[in-house]
Structures are given as structure tokens and as C-alpha cells.
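A.B. asks: Since each chain comes alone in its own frame, lean on the hints to assemble the complex.
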Amino acid sequence: MITFVLIGVLVAGGTFLIQQRSLVKVIFGLSLWSHAANFILLSAGVAAWRAEPLADRTAAADAADPLPQAFVLTAIVITMAVTVFMLALAMIGHNDDTRRMPETGEVHDR
Amino acid sequence: MSAADLLPLLVAVPLAFAGLTVLLRRHVVGASLLVVTLVGVLVTSVVLIARHASTPVLASGVGGYPAGVAIPFVSDTLTALMLAVTSLATLATTAWLIMTGETRYRFVVPLVLLLVAGVNGALLTGDLFNLFVFIEVMLLPSYALLALTGGWRRLGVGRLFVVVNLVNSAVLLIGVAFVYGTAGTVNIAALAGRGVQDDRTGLAVAMVLVALAVKAGIVPVHTWLPRSYPATSPGVMSLFAALHTKVALYAIYRIYSVVYDGQASWIGIVVVLAAVTAVVGAVSTLGESTFRHAMAYQMVAGVGHILIGVVVFTQASLAGGLLYLAHHVITMAALLLTGGAIEHTYGSHRFDRLSRLMTREPWAATVVALGLLSLVGLPPTSGLWGKLLLIVGAAEAPGWQAWLLVGAIVLASIISIIALQRLWSEIFWGPSMETYRTDNARTRISEPVPLPDDVRIPARMLAPGTAMIAVSVAIFVGIGLLSPVVDRAAAGLGDSTAYVEAVLR
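Keeping their order, the protein sequence lines are chains R and G.
The first sequence begins at 694 in the numbering used here and counts up one residue at a time.
The second sequence begins at 104 in the numbering used here and counts up one residue at a time.
Next comes chain G alone, as it looks inside the complex (with noise of 0.2 Å):
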């Protein structure tokens, strides 16, 4: 009995916790239940991001099967950093969920604990059947809080969502066949290297990786995502933008840092649509009129950023592209759910129907306008240094890929603060606002009615993203001790031996 053997508490304890939840309907026990959860989940991931400064790798072969044989959950430092990032973020829109009451519809609760449990499962595993169950593990419960909270358009984006995914994890499924079929294995780190020793078991793994691409959101198959995030609620929409497009980027490194030892010979159409999907997304918030179909746009432009650490595979971009990654989840979380509290005050989110925020609402102005400078990367705030840290690390991939690459992270920057800046000015300047709509819990349509002096945001609901954005500020001043663990990080990735002898040993 080792300390890995304990990894998998990290999925049964939540898997167990949300059974329990829908035998104990007392609110203040869900509650309690899921916050004291991810509360765990984020300090054993400090602990083992402090353990794995000695030993780089922790792996477990569920069942005491011989290594090769069993199941294995692994954790490394990007694992690690994956799990305090993901659990982080989810436990501030789980409060958020708790202040708004959406906590106390029917399932809420559990639903949440068993996205967390997959989540958790599909950053652990290193077995790529396992990883696809876990990704379902991670999606039913999707489904469900897709078609509990939001508007009514809900019904219909449900339909969008759970058809894409479900096609997409047959193409999942079709790929791991192939892989069994050809290398005789689906763990991951037996089939270290093999993308470039056989063509074939090359082509079965890329059918994967096509099929997680789909799931992050890449152009030109991003289209699901800003049509049918925006239609959930707010706080759904936080836990969507941290969890699911962050777990398929996570796989993707791996899968392709192991597998292919990062030098396929097909990158270069990935380098392409790496660049096309930073600009694409960047465009695309120019053309949206409503606060969270704008920040899905830029969640497109932000999967594109964050591709680029791993199709350039240079010790440099590895750590840009994950240090991108927790920057935008967390900058991520701090808009959603600041937006989401002006959403849930002022009844909408449309630009049109706010204005003059910046003189009613001061704090969630200033909120608001960190993480937007933090989207687009300027100071005081940690998208500084992800697109610094990006920059560097795409300036030495070689040839015309540099030049694409660093001009496409420009090109993406420069149109984003033109699109934001737009969003902001809608919405927190502009003649101050005479009417707002109350939210109406069953139909979410209502008239607009004279809004009176005294509405305000309540600051409980304030406090979530506020505490997202002070850990964004939190990153810029503080890189130094940040900067040591991706660095970790991205060495595992860069040279994943180690990743392997402590899976197969």
C-alpha cells in the first residue's frame, strides 16, 4: 500500500458522495457535501504537486493486476496541476451555484459531484478506453444540468450538445478500436513511441485525437460550443468552460507528448489550424451582441492559444500553452460568474439591454475589466504572462511556423481588444439604464419594468468571481512560484520516460 494506491479515491469518493446526495435531499447536506468534496480535491492536488518536486511520477495499477495488465491511474505534476486548476475553479462556481439557490434544484448537486468525479477519472487515467468511459462518466451528467438550468432554448441546445458528443464518442470509441486492433493495447504508456514506429497504430491514435478536437472546440468543429453554452445558465456555463474543452486539451497533450513523442508528421495541419482557430475566435466575439456568447467566442480563441504549446513541443511552449491553460480557466471562471451575477440581477445578458454598469455596479465593473485586460493580456493580471510565456515558446518553431504562429497570438490579441472593448462599452457605459426585466424563475421572459435606485448586486454573489479574479492578479504577481511547477510540468511532457517506467515498472 503506497501513496498512489490512493489516486483513485480521487473518483470514489465523489462517485460515492453523489449516490449519497440523492438518498439525503437535505439541502445543507448537498451543500456541505460537494464543497467539503472539492475542498479535498484541491488540497490532495497541492499536496501531490508538492510530493512530485521528489517523485515525478505516481502510478497505480487498479485491482494489483501486473503492470501492463492493469488499469493504471497516474499522476504527474501536469495531472497534478490539472486537478488544482479544474477543482479550483469548479468550487468557486459551486459557491456561486449555492448563492443563486440553483444548488437546490432537484439533482443539482449530484449531477455536479459526478462531472467531478469523470473530470477527475479522465485527468487520471492512462488507459485510453478508460479515458473515453470517463469522458461519458464526465458528459451524462452534462446532459442532465444542461436540461435542468438555463432558458428554454436549452431544449433545443441540448438536442445540439448531446448529438455532437454522442457522434464524437463513437468516432472516440472507433478510434480506440483501431488502436487495440493494431497495437494490441490501449494504455498509454505502452503505446509510448509507437505513433511513429507504426503507421498504422499512428493513424488509429490520430482518429483519437481527431475525436478530442472535436471536444476542445478546434475550427472548423467549434461550432457547438458558443451556440450551446450560452443557452445554459450562467453558472452551468462557468463549470462547461472549465471542465470539458480543458479535459480533451489535457488528453491531447498527453496523448500526443507519449504517443507520438511530439514529432508526428502531420503537425503541420495542426500548427495551421492552431493559428486559425486563436483568430477565428477572435473574430467571431466581434459579431455576438450578448455578454456569454461573446466570452464563448473567446473560449474558441482560447482553445487555439493553448494548442500552440503542444503542436510547437518545445520545452518553452509546452510550459506557455499549460500555463495559458490555467490562466484561462481561471480568468474564465472570474467573467462567467461575474457576468452571471449581473445576468441574474438585471435579468439579461444582451448588450443592449445594459448599460451604465461602470456608475451602479463599481465592483463588478472593476471584476469585469480585469479579467478582460487578463483575456487579452495586459497587466496586472496572469494573461500577461501566458501570452508572453506563448509567444516565446511559438518563436521557436521552425520556418513559416514561427511567423504563423506569433503573428496569429498578435493578430488574435489586437481583434479581441477591439471586440471587447466593445462589450465593455455597451455594457458599463452608455446612458444610464431606466428599465431591467426581473428574472422569472419559470418562463425567463418577462416585461421590462422601471428599475428602481436601490438594485444592486448582492455582494455574496460578487465574492465567487471576485476571488477567481484575485487569484488571477494573485498569478502575476507571484509567476515565480507558479513558473517552477509548470516548468515541471512541461518537462514531463517533454521527456515522458520517466511517465512510462512509473506506469510499467
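One chain only, chain R, in its complex shape (with noise of 0.2 Å):
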């Protein structure tokens, strides 16, 4: 039950947070998303029903899927990179709004 009302927490706060107009604070609202679908897929597989993956209390066959597991491990990775080339983003373009070029201290030389 906790899980459920945690993820409208995080799927609320994160869709604030999205319709905001500085990016960093987008960012912010992208990763309690991204939160939120970690939970919603460790929900799809383990608190459903299956019981808790310890050794002595609990058989092989109710144990909690590894594969959800794998998913969410695999996702907050995918996450975590965009995450870091975002706020690169939100730090080279941070006036993009001006007429002005921004610095980004590149040079295309060919």
C-alpha cells in the first residue's frame, strides 16, 4: 500500500516540477519520475505476489522476481546518464533565452 501512495507522491511532485520553467528544476521533476517508474516496475513483480527474497523464511517458488529487479537496475543507470548530460545542458545554455549567443567555449575549427 505504502509503495502505491509513494509513487503518486513522486508522479505528483514530479509533474509540478516538469511545468516549471528553469530546467534545473526540470531535472529535479524527471528524476522523481523516473523514480516513480522504478517503483512501479519492482511493484509489478514483488509486492504484488510475492513474498520477501530471505533465505530462511521464504521458499524459492514465492520469493520475490529477480527480473523487475534487473529492469529498475538497468533503468536508474539509463537515468543517471541522461540526468548528468542534462544538467551539462542546463549549465551551457543557461541563457538560450537572450538573442545573444551563449559562451560554450567551443570552437569548431576545421
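Just so you know, these hints were derived from the structure itself, not from any lab.
Computed from a predicted model, the values in this text were never measured in an experiment.
All residues carry an ideal CB built from backbone N, CA and C; glycine is no exception.
One or more of the hints may lead you astray.
A few chain G positions that, by computed beta-carbon distances, are all more than 12 Å from chain R [to be verified]:
1) Ala153
2) Arg154
3) Ala250
4) Ile277
5) Thr288
6) Arg525
7) Glu550
8) Thr569
9) Gly581
For each label pair, taking beta carbons as the anchor points, the in silico distance ranges come out as [as the list claims (entries may be wrong)]:
10) Arg525/G x Val698/R: 50 to 60 Å
11) Val770/R x Pro555/G: 47 to 57 Å
12) Arg750/R x Arg303/G: 28 to 38 Å
13) Val150/G x Ala763/R: 42 to 52 Å
14) Gln762/R x Glu499/G: 11 to 21 Å
C.D. replies: Written out as C-alpha cells, the structure reads:
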């Protein structure tokens, strides 16, 4: 039950933050969204109909499904890579609403 | 060890070369590895198409796990056809990037190789979660390519592109989670028919399809596409045009045909959306005042046309939709690369800064004219067969749907003719050009200077676009050779039993 409330809170907060103007807030919003997605993945295979995967207490047949956990691991890695890239974008393009070219420090000479 | 077990190499080799080209920084090495990889993928896909005539489906479970548990790589005629079309367009674009020197920018070669690995993976995989991963593998280098080349506005649209795709990936991931939660598997073959048998699974897969629809650029969630693509460089836009939306469309075709057997109860909504997408794309082209913005809206119109094939879901409509997909990729690459060559030489793709190129650049004008004819569906190009077979297919839809879809195709074509005629007269007719803007690599903003008489587009920059439009004309002449392949691909979608059996054997 607590997972579902948590997912609701994360999605609501993420949706609010994504609609802000500042890219850094958008990035925080996206992080909340991806956490919500990860919890949904976990609840799909673990909380829904299986018990904790503890060796002494649960038979292997009833233990949590490892596959969603592998999904979540993969998703976390991807989200982190994109977050880093977006933080870099927030840094180099922070004044791109103006007509002036932002200082990116790059030179494209061939 | 069978031939099917070699399928993962189509992903592994570009990935390995991407790593290698980061280490070996010599431009010659990088460019030749890139070209060799793409030629390899193209040849492999042609071999696969020939092989699928006798063996309809090749499937391989990675790691030798039992079927149903292993992550499958699957190739059938449709996959091989998509591999051939995307690698051909990528090869032409790569040649153009090498000609303009854009591959010399740091990391462009490894990024394109990563992009190719992601695209091949997304086309070959038979697993929904793996599809998500490969779409991310495809998007990550795209974010970087967007930031590397193009005008300085790329930084602003880079945000748009990344935020849209990231939110959308979260939706895709949540959809995959719901599929696993309701069906207990994310293997597409194991989900066969489950969309109509179990409403909960049907809803979960529909969520995956919604996410793919955003990536494909369907109205009303298309607006990110025409705002972000034209801000990149022409070469990168050509890559994105050939790969991103088309991979999403391929996934929609595959998932809808296997999971729903082509008979979801909500398909009427998508019929309307496909018709609206085609018309909105065509109408929006009227309002644009640069070459590549106009092309971006033509891509939206193209997405609507391609979708018609899958929403009607008959043998004729699927074949028409797939042929239109192949034709659209090839034509778009020809137009974007030739327009890009004009932009590279004359410093702009705005209608008001280009005029009377007809007399200065007869060769480029011929290629663009053929490309525009192909877009609206007139001979002597592949567009004629694309539109014709699509209309024949759409006419098989039940009741009002047939009227709506055929009407949308005809209306979109007429509006596109008007819009593209304006593009043509602004750029290729009118008073002769007096000034142009030389390309300033650092700021991309420079003052107009008098245009000397001897400025011409170098022939080497026109070659890739010319090659692509030649393919389009060749399809017009040799439709008899391509049509059986497209029919086989459509038959594999219409009856997915062979696909399912090969994966779960």
C-alpha cells in the first residue's frame, strides 16, 4: 500500500516540477518521475503477489521475482546518464532565451 | 550455432567499433570504420531478405537460455527490410557528413556508430524491455549529436528534445512495468494475442504504444519534432529523420500486429488521428518559411500516411504502409541532403535568402524537384507507388473509415502540392541572388556579402542526395522487384504465427 501512495506522491511532485521554467527544476521533476517508474516496475514483480526473498523465511517459489529488479537497475543507470547530460545542458545553455549567442567555450574550426 | 545466432553481431559490431573509434582518433580510421560498418549492415540485410524467402523467421535467444526466458533477437522480412532502408539512408548521410567535414568534429563518428547500434537493436529485439533499452541507446548519442552540430539555437531545442524524450521514456518504462505486472512476461512473442484476451494487458500494451506514438510524432503530440529537428545541422537532421520516428513506427507495426492480432477495439481513435496527422502535417507546411522546417512538417504528414497501413490492417494496407515507409525514408534523405548542400554553400535555408537557384544550380534543382514530386506522390518517383498502394489499402477499411482515410490522403497531397510549390518558387525561381552569407563555423551568424559568380555547390556534396533520389526513381521503375518483398513483410505481420513459433520454439 505504501508503495502506491509513494508512487502517487512522486508522480504528482514530478509533474509539478516538469512544468517549471528552470531546467534544473525540470531535471528534478524528471528524477522524481523516473523514481516513480522504478517503483512501479518493482511493484509489478515483487509487492504484487510475492514475499520477501529471504533464504530462511520464503520458499524459492514464493520469493520476489528478480527480473523487475534487473529492469530497475538498468533503468537507474540510463536515467543517471541522461541526468548528467541534462545538467550539462542546463549549465552551457542557461541564457539561451536571449538573442545573444551563449558562451559555450567551444570552437568548431576545421 | 546457426545463422540466427549471428544476429546480435548487428548490434555488437557497431558498439565495439564505437568504442574503438573513441580510442583511435585518426579521422581516416573512424570514417572508414563507419562506412565499413554501414555497408556491412546493408549487405547483411540484403542477404537476410533473400534468406527469408525460404526461412520466414530467424530467431536467436541470447546466452543459450531456454526459449521464453532468453532475450530474443528476431529477424523476419520486415526487420530485414527496415535494416536495409535505415542503413542505406544512414550510409548516404554519413557520406554527406564526411564530404562536409562534420565527421571531423570530436566524437561524431563514435556517436553515429552508437546510434546505428541502438537502431539495429531496436529493430531486431523481440522483447519490450529490451526495446526500451535500445531506444535509449539510440537516444543518448542523439542528444549529444544535437548538442555538437547545428546553430546555437540547438542548445534551446536540445532541452526540448531531451525533456520530451525523457518524459516519454518514463511513460514507456511504466507501460512495460504494467505489461510485466499483468502478463508476467515482456517477450513480444509470448504476449501474442494477449492484448485482446486480457483487457488489463491490452491497456498496459496500449500505454507502451502511446509512448511510441509520441516518439513517432503523431498529432496532437507532434509539436516537438518540427521545432527541434531543423535546429540541428542538415546532416544530423537527415539521420534523425531516417531513424528515430521510423523505428518508433516499426515498433508500433510489430507490437500492434503480434499483441492485438490487428483487432483492438479502440483502433477507431487511431484511424482519426492518422487522418488528422496527415492533413495537419500538410497544412502546417504552408506556414513555414525555411526549407528544413517545411521538410519537418512533411515528415509529420508522412507519419500519418505510414500509420494508415497499420490501422486498417489488411494485407494490402500493410504492404502499402510499409512501402510508403521505405519510400519516405529514401525521399526525405535525398531532399534533406541536397537542401543541406544548398544551405552549406549559400549559408541559409530561409526562403527569403535564397532565390533563382534554378539557373545557378540545375543539378541540385533537378534532385529537389524529383524529391518534391516524390513527396506528393507523382511519377517518375517511388512516391507514386507509395501513395497508390496506400490508397488501395485504405479503401479496404470498413465503412466511414475508408472515406476518411482516402479523403485525408487526397487532401494532404493537394495541400502538400500547394505548400511545396511555394517552397520551389521561393528557392528556385524569382530574382537572381545578389548576396549570400558565408558559413561562419563559430557563430553561424554573418553579414550578407555580394555573391560571386563562381560560387557553386561542389559535386561531391550533391552526390549522396543524387544517389538517394536515384534509388527513388529506381523503385518507380523496378517496383516489381521490391513489391514481393514488401508483400512478404506484410504477410508476416498479418499472420504472426510463424514469428511466435520461431521465438518460442
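A.B. asks: The structure should be examined with respect to each hint, and the outcome stated for every one.
C.D. replies: Hint-by-hint comparison with the structure:
1. Ala153: holds (35 Å)
2. Arg154: The claim stands: Arg154/G keeps its Cβ more than 12 Å from every Cβ of chain R (closest is about 32 Å).
3. Ala250: Not fine: 7 Å to the nearest Cβ puts Ala250/G too close to chain R.
4. Ile277: Contrary to the label, Ile277/G does not stay out of reach of chain R, its closest Cβ about 5 Å off (not over 12 Å).
5. Thr288: violated (9 Å)
6. Arg525: holds (28 Å)
7. Glu550: Since the minimum Cβ distance to chain R is about 15 Å, Glu550/G lies beyond 12 Å and the statement holds.
8. Thr569: Nearest chain R Cβ is 24 Å from Thr569/G, so the label holds.
9. Gly581: Non-interface label stands for Gly581/G: nearest chain R Cβ at 39 Å, farther than 12 Å.
10. Arg525/G x Val698/R: 50 to 60 Å: The hint (50 to 60 Å, Cβ to Cβ) holds, given that Arg525/G and Val698/R are roughly 56 Å apart.
11. Val770/R x Pro555/G: 47 to 57 Å: holds (53 Å)
12. Arg750/R x Arg303/G: 28 to 38 Å: holds (30 Å)
13. Val150/G x Ala763/R: 42 to 52 Å: violated (34 Å)
14. Gln762/R x Glu499/G: 11 to 21 Å: With a Cβ separation near 46 Å, Gln762/R and Glu499/G fall outside 11 to 21 Å, so the hint is violated.
In the structure shown, a violation is registered for the earlier hints numbered 3, 4, 5, 13, 14, in ascending order.
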